[in-house]
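**Student:** Residue numbers (our numbering), protein chains in the order written: chain L, 1 to 478; chain C, 1001 to 1313.
No incorrect hints appear here.
With a straight-line Cα cutoff of 20 Å, these simulated EDC-like cross-link-like pairs (lysine to aspartate or glutamate) come out: (1) Lys359/L - Glu372/L; (2) Lys244/L - Glu1107/C; (3) Lys265/L - Asp1308/C; (4) Lys1049/C - Asp1293/C; (5) Lys1121/C - Asp1071/C; (6) Lys457/L - Asp12/L; (7) Lys1049/C - Asp1039/C; (8) Lys271/L - Asp1308/C; (9) Lys396/L - Glu355/L; (10) Lys324/L - Glu355/L; (11) Lys1038/C - Glu1126/C; (12) Lys1036/C - Glu1126/C; (13) Lys359/L - Glu391/L; (14) Lys244/L - Asp204/L; (15) Lys324/L - Asp281/L; (16) Lys265/L - Glu1306/C; (17) Lys244/L - Glu1104/C; (18) Lys1121/C - Glu68/L.
Note that these hints are calculated values from the structure, not bench results.
If you want the building blocks of each chain, they are given just below.
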Amino acid sequence: MKSDHVSDFFFDEMFGATSLPRDPYLKYSEWLKAEGLKNIRKKQRESEHLFRLSGITFNVYVDGQAQERLIPFDIIPRIISSAEWVKLKNGIEQRVRAINSFLYDIYHHREIVKAGVLPEAMVSSNNAFLPRMINFDPPFGVYTHIAGIDIVRTAPETFYVLEDNIRTPSGVSYMLENRETMLHMFPELFSINNVQAIENYPIDLLRSLCSCAPTREERGVCAAVLTPGVHNSAFFEHAFLADKMGIELVEGADLLVTNGRLTMKTTAGLKEIDVLYRRVDDEFLDPLNFNPASQLGVPGLFDIYRAGAVTIANAPGSGIADDKAIYAYLPEIIEFYTGSPAILKNVPTWICSDENDLKYVVDNLDTLVVKEVHGSGGYGMLIGPAASKTELAAFKRKLLCSPHNYIAQPTLSLSTVPVLTRSGLAPRHVDLRPFALVSPGGISITPGGLTRVALKKNSLIVNSSQGGGTKDTWVLVD
Amino acid sequence: MLARTANGLFWMARYLERAETSGRLTGTAHRIALTKLKDQELHWLSAMKSAGVDQEFLSSGSVITKQNAIDWLLRSSLNPSSALTSLTHARNNARLVRTAITSEVWEALNRAYLEISSALKRKIPERDLPDILNLIGEQIRSVHGALESTMLRNEILNFIRLGIFLERGDSTARILDVKYYVLLPSLGALGSPIDNLQWEIILRSTSGIGGFRMSYGNGADPSQIAKFLILDPRMPRSLIFCISKLRENLEFLSLSHQTTSLALSQVKTLEGEYKKINIDHVFKRGLHEFIQDLIYQLGQISNQIEADFNFHT
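Put together the whole structure using the sequences plus the hints.
**Tutor:** Given below as structure tokens:
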């Protein structure tokens, strides 16, 4: 390997600060050297064909026309050692546990507000707070059946949580398909390296969902995935998960609330559903209780949910926990509910609705990343160091007009992992989204998660809507 | 099963079979046109009439040429039954019912779509036509192979098969009808060498040549060929075969749903009639009228299936 793969300013997970591979990558590097880049490149093209064939695409709308796009897949895996993973896993588990307790608390006694840890206004004036969930107990107290925690790394031992995805975290289908593709193309790699399996995720998800069913019926639990429909950009994932779990993929129009139960319209009449894994936002779940214009939901769903006739995963109103302003309080929230300091660090965050914070942000705009509180997908954000003077000035005007809409964070030196480019291996920035499942039996976390990679040189934006790609993520067995 | 899923499976299968029909009709028309040097345009119009797409073609303002007809039948997005349009609908429906079919079926169908749509991207020179028709046939047969070898034997497959056999009956009927339109201008040619050649093309278009030789020897007697394609229960594309398959699958569905569907009684009546008649009846009544009547009845049965299984509630 040539040493110019190593970037000077960032921690590279494969090569560290040298041109020698770090421990988790030893066997892989040896294999790669023997295989040669030419063969690997051929395999890269093959992988695209495989993805195209299995239809793992997402929809992008260009001039009102849906286009099917592939999320670029890079075939150099990201490898995490068992020791590194244990730390991450413990940190995620602690965080998800705390978030669940937090949600229960703010919809019940609000001890955290009474204790002066979180300002009252952060809760009641938050758009994602759902007053109709107050004093309601979701089955088994589970709010966040599925959580995706975005993690970045800046040094061998330094991980930060960048964002919590608590509403309807997506991407798990890519995690599974990336592994499937690697197993298909390089079966021998998996006999050289002892990689922790992730294939059980769909079955774990199904068990986890079913264990949250509100009642035990003799006929067994019936679960279904609710999708906004085939035009939704994540439709592939909805169909993929329903398929792997062996349950129905339903749309709002397939469902009916009747005699206090949620039912689906089948060829033989109506059939009851106990657990609804919804991939539809709160607002659209039920036109009678929320947005009356919604065609995606089911009239009366929320009423029977409150009556305990169905489990909705994730619970309505969970979104407040992944709000970017609440994020700033997560270290305090974790300590408050678990009694120990957070294992995984938060990125320092300035909340622009706070006068002092705002002043700091305005004065240091060119060094900060500024995000919309409710934004996602990498849209509407400013990356200070990469912005021109004009862009900075324009963003400053926007920021001052509605400071409560923004938070700011320092620009992190995200770690890199090599990707395969035309001119060989080249370092690119990555993040990691592990997935946690919460059930009455506990929290289970699939080893690894989805690695997203910014394919553009020097880019820090890993979102697929903005030119990001994905990698298979390996957690090695000890 | 979700009613919407049953609907999607049914139409996935119908469109898949329809894509194949457009390929077969194109092949039939091409070979028949080659048997004559004059009036070739008429034969292409016949093929479009049989496919039921001639009106749309004429109102699209196109002139009837070989090239335009091939384009219209195979790749035009304005033709609602072109091979490409049908295949696109088949794939969209498959995407909707992705959870009901195996990944092998989905991948075979997706591959068929990708390969065929890429082959149909540009206008098709006559010399490439046989290869492209082969490709369409091969790719679609591989979907049938995946269905046969990987799908659970349950109601999901029943709805797929209903779609396949409704559309296949319709297809064989329409291919037979091409011959009727071709015959029209020259009724006197009955039994002439050219007539026999055209009947043989009909046989080829329904993949029936080998089976026919096996059962009826080397002749090309029109009434035997018609009998083979209409009334022979061993021929997997014959009308009676398709009708029996509709009956079988509706019987399974009635069992699993513990009801009797109206569509089932309609199909049973139709099957009863087919078992009674012989080929002379058909010719006496008029082949064209006979076929038009079947196409109408298949349409009625299709509507009844949609009603019986709540497709649109």
